[in-house]
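> Here is how the chains run, residue by residue.
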Amino acid sequence: MRPDRVLLVDDEESFVEILAERMRSRGLEVSCATSGREALKKAQEAAYDAVVLDLAMPGLDGIETLRRMRELQPDLQVMILSGRATVKTAVEAIQLGAIDIFEKPTEVETLVERIRSARAARLAKDDQETREQIDAIMRDRGW
Amino acid sequence: MAKGEAERPTAREGVLYFGRVAAGLSHELSNVLNIINELAGLQRDIAAAAVEGGGDARFARFSDLAQRIKTQVSRGEAINRGLHRFAHSVDNADTSFDLGELLGLLAFLEERPARLARVALDVHPPEHGLALCGDPFSLLLALHACVGAALRACAEDGRVEVHAEAAGGAARIRVTATGSLPAEGADAVSAAAFRAGAAAWGAAVCLDPGTDAQRSLVLSVPAAAAAREAAGTADPSLEVP
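Residue numbers (the working numbering), protein chains in the order written: chain A, 35 to 177; chain B, -15 to 225.
Please keep in mind that the hints were generated in silico from the structure rather than gathered at the bench.
Where hints are given, some of them may not hold.
Listed below are the simulated DSS-like cross-link pairs for lysine-lysine, each with C-alpha atoms no more than 30 Å apart in a straight line [what the hints assert, rightly or not]:
no.	chain 1	residue 1	chain 2	residue 2
1	A	Lys122	B	Lys54
2	A	Lys75	A	Lys138
3	A	Lys159	B	Lys54
4	A	Lys122	A	Lys76
5	A	Lys159	A	Lys75
6	A	Lys76	A	Lys138
Now the stretches of chain B that chain A is said to cover, found in silico as 3 or more residues with beta-carbon under 8 Å [claimed, not checked]:
no.	stretch
7	55 to 62
8	139 to 152
A virtual CB, placed ideally from N, CA and C, is assigned to each residue, including glycine.
Make the full structure from the sequences, and use the hints.
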């Protein structure tokens, strides 16, 4: 099975670089972006199992980046990793489809585990949808 | 208005500026702490891999050191989180907020003065959530004046307790010192608390004489609507029940 693919988004370059190195040493395939715009571009260029997104970023902030990402790819699994998520922004992120919210500092093991479980849930959902499509074709065509 | 007075920043503008800058710097400090935390994590990863790969057992020491750095980062992050909350406490002078959360911030801010005075400080929020409407920073200042007076009155190894309770839509906050708050100094404490912020709430500060060994300052905060009506009109004179 191919490694889990994750996109890390945070305007602190040193932070994403070190976190990416730690995730790679745990078998993940990691890409990094240091702005919302760069993240949107990368999310369109490649398929990711999960996106780990900061909220407080200059320019396009985390909430707006999440909104646009979900418009482009409604199935994209995005989790928030932020230092200062308020209740208001956390609720907004969940309403926009974020699957989880983590407060910095979070142990890398916790993040990796969540990324893996997100991918497993996504695969199970895809599997279920494929099965339902096959069943529908078999019913419609009378096979 | 004297010449130049209009250009002078108001106290409110000054407080807002201070809060904005402190919140921004706290955010930057948080970024630094997060990077240090991840660097310590990376150091621990590398040390663990070296030990597993049969490397020098002294690498385990690096792992221990990395863990100690992470512990200090957690401590720094907790302090920084409190600083961030304090900075944002000035954001809105007319807002709805939870008294329990404000008392949590008070406990954080007064922990150091209490520790330096060698006095134990226990802050007990209301049993159930209690929403107040007004200026949280003014109330924090008034409470700081009361707690400060109680800390000064306590002997070393004494205890200051803060209890809050709902009182018919209003709130009553009792600051009790197990030393002895001098009755003759209570006027000054009341006036200080009033100047510090109680006035904005139309709140009254009074001394509950209790016993020589245990006296309380009681801050009675009216309900939100009443607070607005009474703001600026309350009498700072000492009330003794």
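> Please go over all the hints and tell whether each is borne out by the structure.
We went through each hint and held it up to the structure:
For the hint linking Lys122 (chain A) to Lys54 (chain B), the alpha-carbon distance of about 29 Å falls within 30 Å, and the restraint holds. Straight-line distance between C-alpha atoms of Lys75 (chain A) and Lys138 (chain A) comes to about 25 Å, which keeps the hinted pair within the 30 Å bound. Proximity of Lys159 (chain A) to Lys54 (chain B) is assessed by CA-CA distance (about 38 Å); at most 30 Å being required, the pair is judged violated. A hinted pair counts as satisfied when its Cα atoms are at most 30 Å apart, and Lys122 (chain A) with Lys76 (chain A) qualifies at roughly 28 Å.
For a cut-off of 30 Å, the pair hint linking Lys159 (chain A) to Lys75 (chain A) stands: about 26 Å separates their Cα positions. Of the supplied pair hints, the one linking Lys76 (chain A) and Lys138 (chain A) holds, its CA atoms being roughly 24 Å apart against a limit of 30 Å. With a threshold of 8 Å between beta carbons, the proposed coverage of the stretch 55 to 62 of chain B by chain A holds, since 3 of its residues qualify and at least three are required. Only residues whose beta carbon comes within less than 8 Å of a beta carbon in chain A count, and the stretch 139 to 152 of chain B has 0; fewer than three means the coverage is violated.
The structure is inconsistent with the numbered hints 3, 8, although it conforms to all the rest.
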